[in-house]
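Construct the entire structure; sequences and hints are all you get.
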Amino acid sequence: MKQQTLAMAEDQNASFEQHRKPTRRDVFLDTMHKIVPWKELCAIIEPHYPKRGNGRPPIGLERMLRIHFIQHWFNLADFACEEALYDSVSLRRFVGIDLGCESVPDATTMLKFRHLLEQHKLAEQLFTEVGRVLSSSGMSLKTGTIVDATIIAAPSSTKNSEKQRDPEMRQTRKGKQWYFGMKLHIGVDSQSGLTHSAVVTSANVHDKHPLPKLLHGREKRVYGDSAYASQKNLILSKAPGAKDFTNQRTRKSGEIDEVERGKNRNKSKIRARVEHVFAVVKRLWGFSKVRYCGLAKNAARAFTALALANIYLSRRHLLVQVRP
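Quick note: the sequence shown, position 154, residue 1059 per my numbering, numbers continuous.
Keep in mind that the hints were calculated from the coordinates and are not lab data.
A virtual CB, placed ideally from N, CA and C, is assigned to each residue, including glycine.
Where hints are given, some of them may not hold.
[What the hints assert, rightly or not] Listed next, the in silico EDC-like pairs over lysine to aspartate or glutamate satisfying Cα-Cα at most 20 Å (straight line):
#, residue 1, residue 2
1, K1174, D1149
2, K1194, E1023
3, K1172, D1130
4, K1017, E1029
5, K956, E967
6, K1113, D1149
7, K1148, E1160
8, K1113, D1130
9, K1118, E1034
10, K1017, E1067
11, K1125, D1149
12, K1202, E1029
13, K1026, E945
14, K1017, D1112
15, K1157, E1180
16, K1137, E1160
17, K1148, D1112
18, K1137, D1112
19, K1079, E1180
20, K956, E945
21, K1172, D1112
22, K1026, E951
23, K1081, E1034
[As the list claims (entries may be wrong)] Now the in silico label distances, taken between C-beta atoms and shown as ranges:
#, residue 1, residue 2, range
24, A1012, S1040, 30 to 38 Å
25, A1177, K1157, 18 to 26 Å
26, W1083, A1184, 22 to 30 Å
27, A985, P962, 35 to 43 Å
28, K944, T1063, 41 to 49 Å
Written as structure tokens, this is what we have:
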């Protein structure tokens, strides 16, 4: 039996704080502890993770993965995450850190773990593995896909050591407003609302260009906003049996086609489900602005955020399966 330290007893509130109420953070972390497929995700990273040898033994893989996910869930940079772990009992309990006999992994260790995932493109594999696990649990792909894109802002200031903006980011115009950054294109299942494909580009790439990469090929219907209008041939190139249910432009010769407008309204009742994914990624996870330079690093963050969003959106289904 493992000896319990005073720090561990305090973290577990043993014999203390009898009237403490679980916070929303406690409930969220407990849910994620139960439903995230830790074993399967660790198996993706394990071949590339440092092994024990003559040097300093590496920190446990699952522990580092839990810290990495905490950074996404609470939008924490490396140093901020290190301080949050020292400060928060609930975060330490989730990660499994006992301050009585060990310290929190420092910010450099978190940085190296993230670079490991980026170097081997493991974030995309984690996203794919989460999709496979959800599919095997009954959340299979249906016959429709919703496609959409959102802009992730990047700093446009040139007040830095290079005196220039990020060369891989671009600017684009939406309405009468100009934006600088990148675009996250996703394909979402029209029934479950889960993301099954994603592409990251600079912001000046039109929404229609990554369209074939967002389809799995077995669709019967494809939904999208008016940016995907008149792209039937592009849809058929990847999904031959799909029907074009994208919103069409309603203004013709200066007049509004009320019939087409009504059709768009009906399509949008289904198409709106894609916004739930963006709400989780950009509002809950805080990925409305890039944190790193270049598309590759931010793409890794995007794929991890989408994988975690799929788990979060299917949490009720997964909780039913894990109950004894």
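Outcome of the hint check:
1. Using a Cα cut-off of 20 Å, the hinted pair K1174 and D1149 holds, with the two alpha carbons roughly 16 Å apart.
2. Distance restraint check for K1194 and E1023: the Cα-Cα separation of roughly 19 Å lies within the 20 Å cut-off, and the hinted pair is therefore satisfied.
3. Note on K1172 and D1130: the hinted pairing holds, with a Cα-Cα distance of about 9 Å set against a maximum of 20 Å.
4. Between K1017 and E1029, the direct Cα distance comes to roughly 18 Å. Compliance with the 20 Å bound is thereby established for this hinted pair.
5. Under the criterion of a C-alpha separation no larger than 20 Å, the hint pairing K956 with E967 is consistent with the structure, at around 14 Å.
6. With a C-alpha separation of about 13 Å, the suggested pairing of K1113 with D1149 holds against the 20 Å cut-off.
7. Between K1148 and E1160, the direct Cα distance comes to roughly 27 Å. Violation of the 20 Å bound is thereby established for this hinted pair.
8. For a cut-off of 20 Å, the pair hint linking K1113 to D1130 stands: about 11 Å separates their Cα positions.
9. Among the hinted pairs, K1118 with E1034 is consistent with the structure: their alpha-carbon atoms are about 18 Å apart, no more than 20 Å.
10. Distance check on the hinted pair: K1017 and E1067 sit about 24 Å apart at the alpha-carbon level, beyond 20 Å; violated.
11. This hinted pair checks out: K1125 and D1149 have alpha carbons roughly 9 Å apart, not beyond 20 Å.
12. A C-alpha spacing of about 12 Å is found between K1202 and E1029, which places the hinted pair at or below 20 Å, so the restraint holds.
13. Between K1026 and E945 the alpha-carbon distance is near 16 Å, which keeps this suggested pair within the 20 Å criterion.
14. Of the pairs offered as hints, the one joining K1017 and D1112 is violated, with about 34 Å between alpha carbons and a cut-off of 20 Å exceeded.
15. Pair hint K1157 plus E1180 does not hold up; C-alpha atoms about 28 Å apart against a cutoff of 20 Å.
16. Annotation: proposed proximity of K1137 to E1160 is violated, straight-line Cα distance about 24 Å (limit 20 Å).
17. Annotation: proposed proximity of K1148 to D1112 holds, straight-line Cα distance about 19 Å (limit 20 Å).
18. Of the supplied pair hints, the one linking K1137 and D1112 holds, its CA atoms being roughly 14 Å apart against a limit of 20 Å.
19. For a cut-off of 20 Å, the pair hint linking K1079 to E1180 stands: about 17 Å separates their Cα positions.
20. A hinted pair counts as satisfied when its Cα atoms are at most 20 Å apart, and K956 with E945 qualifies at roughly 19 Å.
21. Note on K1172 and D1112: the hinted pairing holds, with a Cα-Cα distance of about 18 Å set against a maximum of 20 Å.
22. A hinted pair counts as satisfied when its Cα atoms are at most 20 Å apart, and K1026 with E951 qualifies at roughly 13 Å.
23. Between K1081 and E1034, the direct Cα distance comes to roughly 40 Å. Violation of the 20 Å bound is thereby established for this hinted pair.
24. Checked against the hint of 30 to 38 Å, the C-beta distance between A1012 and S1040 comes to roughly 36 Å, which is consistent with it.
25. Separation of A1177 from K1157 is about 25 Å and conforms to the stated range, judged on CB atoms against 18 to 26 Å.
26. Here the CB-CB span from W1083 to A1184 is close to 24 Å, well matched to the stated 22 to 30 Å.
27. The hint said 35 to 43 Å for the Cβ distance between A985 and P962, and at roughly 26 Å that hint is violated.
28. In this structure the supplied range 41 to 49 Å holds for K944 paired with T1063, their Cβ-Cβ distance being about 46 Å.
Hint violations for this structure: numbers 7, 10, 14, 15, 16, 23, 27, all remaining hints satisfied.
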